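Listed below, chain by chain, are the residues.
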Amino acid sequence: MFRWQALSILMSCLLVVFMMTTCAWGSDVKVLEIWDIYYQPNREPVAEAAIEQFKERYPDWQVKRSARPLADMKTAVMAALGAGVGPDIVLVNNGEHMMGPMVRANQIVNLDPYAEQYGWLDELFSPTIWDRVRYTEDGTQFGEGLIWAVGLDAELVGIYYNKDIFEELNLSIPESVAELEETMQLIKEGGYAPISVGILDDWQFFHLYGALQHAALAHQMGADAAQEYLDDVVVRTKADRSWMEEGNIESARILQNWVENEFLVDGFTALGGDDALSVYLAGASALFIQGSWYSVSIAEADFESGFIPFPPMEKGGELPPQIGGMATPIGISIYSPHPDLAAEYLDFLIASDKTVELQLELNVLPARVPVPLEGIPKGLYHDILTAWNETNRVGRVGHFLDWATPTMWDTIGDAGRDLMLLRISPEEFVEKIEADYRAFVD
Amino acid sequence: MNKGTGRVHKSRRRKSAAIVPYLYIAPTVGSALVFVIYPFLSNFSFSLFQWDGFGAKVFIGLKNFIDLASDERFIRAFQTNLVYFFFTVIVSILLGLAISSLIARGRLRGVRFFQSVYFIPQVVAAIALGTIFRWIYAPLFGVINHFLRIVGLEHLQRPWLGNPETATVAVAIIGTWAWLGFCIIVYVAGIQKIDENLYEASLLDGAKALQQFWYITLPDLRFEVVVTLIMATVHSLGSYIFAVTLVTTGGAYGTRPIALYAYQAAFVEGRVGYASAVVIVLTGIIFGVAGLSMFLLERKE
Amino acid sequence: MSIKKIVGAGSGYFVAIFLALLIVIPFVVMFMGTFREHTDIIRRGPFALPLEWSLENFRRVLFQYNFDLYYINSVLITAPAVIGSLIIALMAAFAFSVMEFPLKRLLLLATISLGVMVAEVFIMIPLFQLMNQLGLVDNLLSVILPSLAMSACFSTLVLRSFFMGLPRELLDSGLVDGASNWQVLWKIYAPIARPAIVTCGALTTVWTWNTYITPLVLIHDPAKAPLPLGLALFQGQYVADVPLIMTGAALTALPPILIYLLFQPRIVWGITQGTIK
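Chains as they are written, first to last, in the working numbering: chain U, 26 to 467; chain A, 41 to 341; chain R, 16 to 292.
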């Protein structure tokens, strides 16, 4: 009896705490609420400028925005939408991470009508990139069908090179993988580490292997067929495709070759991604095969860097698909009372002149292509924009390999380290990936 | 005094007395129930479902546990955790016993000072310890490799966290480093409580130091050993090793312990039910070790 | 005989000092590192003395990389959790030691003892679900409440064993003087228990300050991260600058070390005696 009284006192205390914290949820009218992940210093101003534009157009509206890192925002969004509430604009990470479950649960708004209204398909990204925000209407097939989200800006993986070292050793820009290998030999003989990489972080390996693999596949099946193949095995995860392709194995073989020839910085197995950056920044290595997101740090180094897309296997070959694409995208929640306004905000955010202008100032790759290069001084950023325009012109954008399956990050990370330690053969490496892939698609 | 009012008073008093203890314990017991015990028990129900944490739960019985038995990544994490257990618990206890009997019987001055130094790793966040050791083990600019270069042992330099041979042991040694001092503090305190006459008497019987250790010191320290065993076990499997591996290797090269695998499964791969099953196995191991050692201790007594 | 004793003591000192050095060196290396520059470490190695003793790294980490916020958050989490847990633990310990009531033993074993044994890792998954249902994800309360519960359980056990050691007359004489249980607790028992309270307070402060997994799972806004989570976030942000990272580690490690050095005899007592009981 009294125990129950005590319990009920406790319970009512808890209830009060609960009420206090949930009251903050009450929804106001005329508020546009945004949950995105664009908190970095080179994205925040773009989002703020878009809010300004939105408020200019709709002076009586308020905008509430909260920005957080990806994994964190994901849990918040999934929790809110799962409970049947949510802001107007939400993070919608690609693929089965979020988009698939959200489409199936009917939690996000189809953006095709808005894409047409605002002309996004013509002015933003090349068509292959759009496939990454497509899902069939029933949410079963990624990479095809309707558009559900759109990303603020773009990323591109390529080769950073230290111009001081290139000048000192009198090297020229490699135009093929074969020339790249010759260049690396000369760099090594010149007393520098050719490539700085740190595979303690799985993603560093994905990018290095991926770049090489895309080139090898392009060489094996032709650049456009390679693009099609990559779309199928990474984005659409088609059951009739297999990872057991010569290009995948050949590129693993080349990587092992590079390890044996000591083309990678000493201790690369124990370096993290940011460690590898600092090695490059210290001028100890001549090359850094990484993404455009590092460009701001690299531009601050006390030497000048250039940037080139990853070259084809043979000189004069077609440009292979370049790993890259749009920043983690956002979409419109089905619980938004005013999706049209939310879409208008998206247009301000991603496609407006102001956005492109700011992005060029902030050294970010704009989603609106081709990027106007007049007024951009020659240099690292000019190089990256040129590569980005070229990638969009040929319409071949490669993929981050970990997208393929939920466990692929782990699988490629582990298998990649084994490969780089020369513990498994290139065939075994690809077999491990294939096993993960088959377990997922079958 | 009026008998009637007295009875009323008495019964009211008993009534209030009956509820009072529960009011005193309600906040502690209540918060423990809601924020510790209930979540803890929820693992058991979660583990019976296939569930991504947000969508619908699908009841699958014990399938998660059956899958665990053939999950290579889990088995690898289990093996790795055995290494961590060995270095954090077994090595710390054995070395601790040896060193503390050396120190305590010698009646060193400055025991206080050593005590305070040995305890420091216990109060520093595991994340900070891991951060320091990541630099110590780093390949190019790391402390150990640089030290080896200075003393002319360059051929011993290697990327300590960057290959499967050394990575797991390198991480495990952080556990020994953090726990050895603690074990010594506890054992020294224990040894100093042992009656010195016992040792004197044994000397008359002609006992050697090793025999003294075996027949006097060790039996008297069994309680201390069990305490350190349980505490170090919890750390070698739980939050401590989780944070240390996360910040040193991120789990690469087979250094991922069970706890980190549970986190990966739940919060990265979205397999909440499966991850709960992993946590239950982890809990079972810890409670098993703790229960077994307590049982052995009580039987001895 | 006496020579043997001297040799024995000598080897004891040698081992003790060697071990103390092993434990201290990583921290010394860390503190020296905070005054260096990254490229300087790569060029001159980790053991070289700093070129200048500048606090610039501390300034940058604190104000440029948000460690000032992490400090505030850590205080906002630790203070209420520790103070609240001490108050409710005193009440519970008092009841568990001097009062008789049904289910006492069961409640003590099934809630308090279990509450001490359950580590953060065991509850990280359901705790997220629970806090999500309560709408507390990304709220400091989501870290405070479990820390408060765990700290209260620990302190209850220590304080209970302290109270059990007090003579029964203390309670009875207080009650005879007409004081209520409540007054006896706060006027007589709590002041006597000060050493035990200090021990519990210092230990739970250190533990709460160092909690990492609960905030990792429940705090998503970097602006709300406590220090250990902040330190981990810091290392994932394209920062590979050893001195800055060491500065972050030093800032995270310093407060508990200071608390420990201040209350050192009580803490070691609590660990070697209190938890054993």
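Quick caveat, the hints were computed from the structure, so don't treat them as lab data. Computed from a predicted structure; not experimentally measured. Careful, some of the hints might be misleading.
[Unchecked claim] On the chain R side, residues computed to face chain A include the following (Cβ under 10 Å):
id, residue
1, Phe-42
2, Phe-78
3, Ser-100
4, Ile-103
5, Pro-117
6, Ser-170
7, Ala-194
8, Asn-196
9, Leu-244
Backbone N, C-alpha and C define an ideal beta-carbon position, used for all residues, glycine too.
- Hint status (Cβ of R:Pro-117 to nearest Cβ of chain A, threshold 10 Å): holds, 9 Å
- Minimum beta-carbon distance criterion (10 Å), R:Ser-170 to chain A: Cβ of R:Ser-170 sits 9 Å from chain A, so the hint holds.
- Message: Quick check on R:Leu-244 please, does its C-beta sit within 10 Å of some C-beta on chain A?
- Response: holds, 8 Å
- Interface hint outcome for R:Phe-42 [beta carbon to chain A under 10 Å]: holds, 7 Å
- Is the shortest C-beta separation between R:Ser-100 and chain A less than 10 Å? Result: holds, 8 Å to nearest chain A Cβ.
- Per-residue hint verdict: R:Asn-196, partner chain A, C-beta under 10 Å: Check passed: Cβ of R:Asn-196 comes within 6 Å of chain A, closer than 10 Å.
- Given R:Phe-78 as an interface hint, is the shortest Cβ-Cβ distance to chain A below 10 Å? Violated, about 20 Å.
- Minimum Cβ distance from R:Ile-103 to chain A below 10 Å? holds, 4 Å
- Does R:Ala-194 pass the interface check with chain A, least Cβ-Cβ distance below 10 Å? violated, 14 Å
Hints 2 and 7 from the list above are not met by this structure, while the remaining hints are.
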